[in-house]
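The whole structure should be built from the sequences, with the hints applied where relevant.
Quick mapping for you: the protein sequence lines, in order, are chains P and U.
Under the working numbering, the residue at position 106 of the first sequence is numbered 106, and the numbers go up by one with no gaps.
Under the working numbering, the residue at position 193 of the second sequence is numbered 193, and the numbers go up by one with no gaps.
Treat the hints with caution; some may be incorrect.
[To be verified] Only pairs whose alpha carbons sit at most 25 angstroms apart, straight line, appear in this in silico SDA-like list of lysine to any residue:
#	chain 1	residue 1	chain 2	residue 2
1	P	K201	P	N90
2	P	K473	P	N90
3	P	K473	U	V86
4	U	K39	P	F140
Read the hints as simulated data drawn from the structure, not as lab findings.
Predicted model only: the values in this text are computed from it and were never measured.
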Amino acid sequence: MATFVTRRLIASIFIFLAATYLMYNLVALSGDPLADLRDSTAPNKLQLIEARTVLLNLDVPPFLRYFIWIGGVLGLRGTGFFDLGVTVQNQPVNVLLSQAIGSTLQLVTIAAVLAIILGLVVGITTALRQYSGYDYGVTFLAFLFFSLPIFWVAVLLKQYVAIGFNDFLRDPQIAWWVIAIFAVVSGVIWASVIPGAPRRKLLTFAIAAGSAAAVLTYMQLTDWFSYPHIGIVGVAISAVGIAFGVTAISTGLKRRTALRASLIVAGVGIALYYPFMLGFSFYLAPWSIALLALVTIGVSFGIGWFTGGNDPAPVARTAAITGFLVAAVIALDRYMSVWDDYTQSSRINGRPIATIGSQTPGLEGSVWVLGVDTFTHLLLPTIALVLISFAGYTRYSRASLLEVMNQDYIRTARAKGLTERTVVMRHAFRNALIPIATIVAFDVGSIIGGAVITERVFGWTGMGALFQNGLDKVDPNPVMAFFLVTGSLAIIFNLIADLVYAGLDPRIRVA
Amino acid sequence: MSNIPVQQPGHSEPGVTDSENSIELKNVRGLSQAQIVRKRFFRHRGALVAMIVLVFVIVLAFTSVGTVIGDFKTGGWWAYTWNIAVAIENGGRPTLSLFPFAIGNHPFGQDEVGRDIFAVVMRGTQQSLMIMVIVGAIATTIGTVVGAISGFYRGWPDSVLMRFTDVIITIPVIVIGAVLGRRFGDFGAPILAIILGLVLWTGMARLVRGEFLSLREREFVDAARVAGARDRRIIFRHILPNAVGVIIVNATLLMAAAILIETGLSFLGYGVQAPDTSLGKIISENQAAFGTRPWLFWWPGLFIITIALCVNFIGDGMRDAFDPRQRRMPSDRLLRRAKLGEVDPGLSAAVTRRARS
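See below:
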């Protein structure tokens, strides 16, 4: 294994060096870096040209200038390790990169994770309900999303989701016919997803439509959109629901130890609700929220492990997932509790969904208010990126699971009398993951490419802007900083894909 | 059609047939590979509709406003052209209406200068279609040749070519497209398309290589070699026809991707340059006007989606046609009818398969 990783890593480094060489030359030759000065009418034009030539070593031809640049990156020029040079305006690229990298990686990571989870869930459910109305509907939508230009979606989102929702928030009244349409649509979706005889489908439809209508009416009556909240009752209901749901999927409800552990975790979550909401959540810094999430997972895992009897691992896994989700619901409620402060603050003025930028300049407030600010800025670009990439994952995971479900060992598993859950989750799903893992890893590069366009539409000053500004000025240094990050990400993910492949599929030897 | 039992490989006695195979055979007996594929393709309703719509769009785009290729110019039946502004009627709003149906002078409206948006969108569609075809042709050719050579010869040609492919694949397509587009965008859409084709072949090369790696170990290749065929003949006459399904399917998907990449690049400003236009460029120019003149935005977007959707559906139909495992299943109603005895040969194979699974 170690030999394989080392060999792959060395090969990847050489490929990456070759790619940077190619990229550097292409950028340097894409235009004239002195064009703006040549056209200028400044009296000291010649000195300016001379100064820029010296600054960027323009007297050295690009195929040699690359080695000056790579020397800086490797720390061979005495200016410290990882020196990315300066831009045309003599700003150090390292500083620009450190400002840009955070927002872009945040956007790309969240979009990629959401797209993978959504794509897997939708792909697997469509494969299990093959040739149903739900399957055909999703297939058509996936093709439609495939074919959408991302900037077009982004402009539509700005117009209808952001501006429309902000207008709605000024006077949040839901018309009765909107409630009716929502109820019918949710009824139709659930009825087509959950199988059964026509009678049972009708029941599903009634329950789904009824609960959708009830929830919307409740929101309408309590002015929920102005003062969003989940509350202790909502948290309790969701926590118990999560405990049952996660157990049903993870180990099956027959496994009483797992159900008990998840319910204990859910109970602990509910018990900690008031201490958290009214007490220690006020003293948290951003990093301690992440730490708290890890502690939650660890404690839940521990509860599962010690109540799990003689096979504790699946129980601990179930409890950990439950704990994480319950904590997420409570955190969501905490974020909602500052929603009113956020929308009423002078910087926001009651129009919370942002269309431009990655944060509101000059906004002050607690960690939670700033968190809400990040969410409202991430919302639209994330939707745009997710819509486009999740369609592909849906198709891949559907095809992959269908392929696996036709294998002989699935028939054997069914013939042994295993439950459908065990057959799907343990025998089919794990094997279906093998090809998906490869495709997802390869796809990371295209998500970053899509992010360049998305950032432009939403006016983010992230890596996309770094790339574009550099390219417009024929300045290889910022472009190469962009490429160093995205290219190394792509290579790391390809390596991970190979390892995951080998880990998931014992037939593949990597020695 | 006579029903003489066909001896199956693996069965010693004539007359013993694998039931599933015989139905399959009845379905395709006497047909060439191309005929079978065509038959299966036309059974895919989505692909068929997509094909008709695409042909309609192509004819509409190229006949309505005429086209310009170099010095060669043709006129069209539409009264306006994409580069000449006329007096603004109706405040520039679209004159197309469904009830009562009327086309009017400017069905898609006009922009702030007075150019007819129908003509502009048609010209943009022409450019996007042309780019799609050129990119598809170039990328497919390069990808097939590279993949075929590295898959067939293995050894050092394989290492060299695949490492080169890895280098190109490391750079995101939008990024390398933008860099090259900035350099070559001014030379017009065909040059841009050629450049894009030179970038987009990597996925195809990997797939064709994989296909060649497995096909070159098959018996028919050994047979050809024993018969004295040269490498070139084995590659082009024996292996390539067997890999053509993979190639065609991916060429279609590549073309759908090419349209979206071109529009994305034009949107960023690295694609087709003024005075010429493309669908992505129209949207990019007009996105600020969405509040006041939404039709400048809706129509080009609609055409991008229509073309990409059609090409994707055709690709899906091709995949079904070339890969019999991915055959569409009959509906429950058809299944019941089949069980009642009204057997239709196309159906029974699927019925047996569904009953087995």
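Each hint, compared with the structure:
no., hint, in the structure
1, P:K201 to P:N90, "violated (67 angstroms)"
2, P:K473 to P:N90, "holds (13 angstroms)"
3, P:K473 to U:V86, "violated (37 angstroms)"
4, U:K39 to P:F140, "holds (23 angstroms)"
Of the hints listed earlier, those the structure fails to meet are numbers 1 and 3, in rising order.
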